[in-house]
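K.L.:
Sequence:
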Amino acid sequence: MTSRKLRTAALIKNSIENSNEDNNPERYIFIRIRGPRKGRPYSQLWVGEKLNSLVKNVNITDECGNVFYFKTHQFRHTYAIKMLNGGADILTVQELLAHASPEMTMSYAKLLDNTKRKAFEAVVKQGVAQGTKAVFFV
1 MTSRKLRTAA LIKNSIENSN EDNNPERYIF IRIRGPRKGR PYSQLWVGEK LNSLVKNVNI
61 TDECGNVFYF KTHQFRHTYA IKMLNGGADI LTVQELLAHA SPEMTMSYAK LLDNTKRKAF
121 EAVVKQGVAQ GTKAVFFV
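Take the sequence shown: its letter number 77 is residue 77 in UniProt numbering, and every next letter is one higher.
Don't read these hints as lab results, they were simulated from the structure.
Accuracy of the hints is not assured; some may be wrong.
[As the list claims (entries may be wrong)] 27 Å max Cα-Cα, derived BS3-like pairs, lysine-lysine:
1. K13 x K71
2. K50 x K71
3. K82 x K125
4. K82 x K50
5. K13 x K56
6. K50 x K38
Kindly generate the complete structure, drawing on both the sequences and the hints.
P.N.:
This is the structure:
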């Protein structure tokens, strides 16, 4: 595991360890654990700024040695890929990500085998689940 992944995992682990039913009933990853906004998630902008501050402080770099900057949308992307590669069906992931079509969700899919890809294509041919409107932020 790269140092970038280890540091991000430590940040998330810390958030989870400080989280409980009182201060995080919705089970967000990055939440306020005290104060008047206790239990509310931090803004996407705040999370990105804090992650990128960490990047600068500990010199997290990519494979080429360049400073690696987080984009909070990467969490959503990673979530979708892990679900799809872990066996979740495309329609479930589509609903959780609030995508209008399975094709939109498929842009996240780095599928590991042809069986899953063929299953997705079969669903698309049936025209199933157009216009789902669930909301889930990762």
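K.L.:
Run the structure past the numbered hints and jot down the numbers of the failing ones, going up.
P.N.:
Going through the list in order, the structure violates no hint and respects every one.
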